[in-house]
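Asker: Take a look at the letters that make up each chain.
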Amino acid sequence: MSIIALGMEGGGDGFTAPDASIFWEPLIGEGATAITRPVFLMVIAGALVAWFLLATTKRRALVPSKGQMMTEGAYGLVRNSIAKDIIGSHEFLRFVPLLFTMFLLILVNNFFGVIPPFNYPTMSRIGFPVALALVIWVVFHVVGMKKHGFVGYWKSLVPSGLPGGMVPAIFILELITDLFTRPVTLGLRLFGNMFAGHILMALFISGGWYMLQAGGILPVAGAVTWAFAIVMTLFEMLVEFLQAYVFTLLSALYIAGAVADSH
Amino acid sequence: MTGNIAILGYGLSAIGPGIGVGLIFAAYINGVARQPEARGMLQPIAFLGMAITEALAIFGIALAFVFKV
Amino acid sequence: MHMLTIPASGGEGEGGFWATAAPIIPHPIEFLFSLVVFAGLFWVVAKKVVPRLEQIYAERTAAIEGGMARAEQAQAEAKAALDSYNAQLQDARGEANRIREDARAQGAQIVAEMRTQAQAEASRIVEAAQRQIEAERQSAVTSLRGEVGRLSTDLASRIVGESLQDEVRQKGIVERFLAELESGDIKPERVGGDV
Numbered sequence: 001m002s003i004i005a006l007g008m009e010g011g012g013d014g015f016t017a018p019d020a021s022i023f024w025e026p027l028i029g030e031g032a033t034a035i036t037r038p039v040f041l042m043v044i045a046g047a048l049v050a051w052f053l054l055a056t057t058k059r060r061a062l063v064p065s066k067g068q069m070m071t072e073g074a075y076g077l078v079r080n081s082i083a084k085d086i087i088g089s090h091e092f093l094r095f096v097p098l099l100f101t102m103f104l105l106i107l108v109n110n111f112f113g114v115i116p117p118f119n120y121p122t123m124s125r126i127g128f129p130v131a132l133a134l135v136i137w138v139v140f141h142v143v144g145m146k147k148h149g150f151v152g153y154w155k156s157l158v159p160s161g162l163p164g165g166m167v168p169a170i171f172i173l174e175l176i177t178d179l180f181t182r183p184v185t186l187g188l189r190l191f192g193n194m195f196a197g198h199i200l201m202a203l204f205i206s207g208g209w210y211m212l213q214a215g216g217i218l219p220v221a222g223a224v225t226w227a228f229a230i231v232m233t234l235f236e237m238l239v240e241f242l243q244a245y246v247f248t249l250l251s252a253l254y255i256a257g258a259v260a261d262s263h
Numbered sequence: 001m002t003g004n005i006a007i008l009g010y011g012l013s014a015i016g017p018g019i020g021v022g023l024i025f026a027a028y029i030n031g032v033a034r035q036p037e038a039r040g041m042l043q044p045i046a047f048l049g050m051a052i053t054e055a056l057a058i059f060g061i062a063l064a065f066v067f068k069v
Numbered sequence: 001m002h003m004l005t006i007p008a009s010g011g012e013g014e015g016g017f018w019a020t021a022a023p024i025i026p027h028p029i030e031f032l033f034s035l036v037v038f039a040g041l042f043w044v045v046a047k048k049v050v051p052r053l054e055q056i057y058a059e060r061t062a063a064i065e066g067g068m069a070r071a072e073q074a075q076a077e078a079k080a081a082l083d084s085y086n087a088q089l090q091d092a093r094g095e096a097n098r099i100r101e102d103a104r105a106q107g108a109q110i111v112a113e114m115r116t117q118a119q120a121e122a123s124r125i126v127e128a129a130q131r132q133i134e135a136e137r138q139s140a141v142t143s144l145r146g147e148v149g150r151l152s153t154d155l156a157s158r159i160v161g162e163s164l165q166d167e168v169r170q171k172g173i174v175e176r177f178l179a180e181l182e183s184g185d186i187k188p189e190r191v192g193g194d195v
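Residue numbers (this note's numbering), protein chains in the order written: chain A, 1 to 263; chain B, 1 to 69; chain C, 1 to 195.
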């Protein structure tokens, strides 16, 4: 039942490591139709991002305020160093809203993992990253088919100039990559990083708490564990940013591959 | 000690991609260090390679959950 | 730290299937809300935020380009002003030089004029003085000659006792005497030596 259960079964009050069930927090309802805490976090994140973006771009000052500078910094990162560099300067502009939304939504939801009142990385519930990956998957297939035509798109999967015998094998390989590997890994990468990071932090903090309460010299180890938990938190912040960046970057790459003249 | 052997499988599946991702970024850093102006061209390739290589490790963690107990 | 308040061990009976389900099974509501929130945020970003940001970008580019154009214009103006100032300075310097040259030439001319004038004056004065001296000497010689003649005749008549009143003789003797005197034949003698 427990996945990472390293429970030290020593009597009634032994330490049981946190497992995947700590992520299940239904607030309203039960089972499959329950509205869970991460759902609220997702809605809060969306509202927060929308409010912040609208508030900081309302004045449109040439000399930006602090908030506008943050918005413009994030926008410049997504627009210039992700979209423009990867998709190419004549087609990137129509994908900027998509990539910008993705980046900010994932970034804020990830940071909820280390911001105290929330303490829950929304993307550690697989429903969220998979939905976002699905959006990207649909988008890059649709724009590819619009550009090359339905048949032309599938033809463009195989690089030109291959010897005839290799074409079917490469085609199947590319088909699997395009239809299956890319969306699945895109979603699972984000999920796996957030899930593992969060469960690791939960382990450090709950294990440290358990040792602090125990007798003997264990509280010393508990304090060290908590110190490590702080280090882990900082590392988590880095990973959270990096995963949002990588998700956006790979989305841009897949879109760029679909709209490129030769696949 | 109780646990799941699948998590060992995940550990094994992470070895190859770990080495692979390391090699990709080593080559990327090498290339950028030798030719800083090629950064823009190398970056998408490096990240695409990383995404493909990392896929195996990600399948590993997914399958570790699928084949639990 | 909410994670500490949640019981660490997964309670199978409490949450049912979802509490213990593999974490890679997407929860339908979460999946749905992810799409809904994404769609809402995408709508806001695409309709409002990105156009605004693009407008800021365009405006800023225009402002920077306009600023650069203005700076270039100002630079050109400054250069023109500097050029005209330099030209004026050159003019003024030339003018000053010219004036100085003129003044020097004029000065030299004045000095030369004055000098010639002074020389002329001086030579005129000298000439006049010489002429006067000559005239005076002439008159002195004439009067002296008359006087000497009269004195000599007076003395001679007194010594000789003979009247030399005769005009012709008197004149002849004096003239002869003076000619002898001038030619050096006669040595001046003490008049009273023989007496």
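Treat the hints as calculated values from the structure; they're not laboratory data.
Treat the hints with care, as some may be off.
Just so you have them, the derived chain A footprint on chain C, three or more residues with Cβ under 8 Å [unchecked claim]:
#, region
1, 22-31
2, 36-42
3, 85-97
4, 114-124
Note that CB positions come from ideal geometry on N, CA and C, so glycine has one too.
Asker: Of the numbered hints stated earlier in the document, which are not met by this structure?
Answerer: 3 and 4
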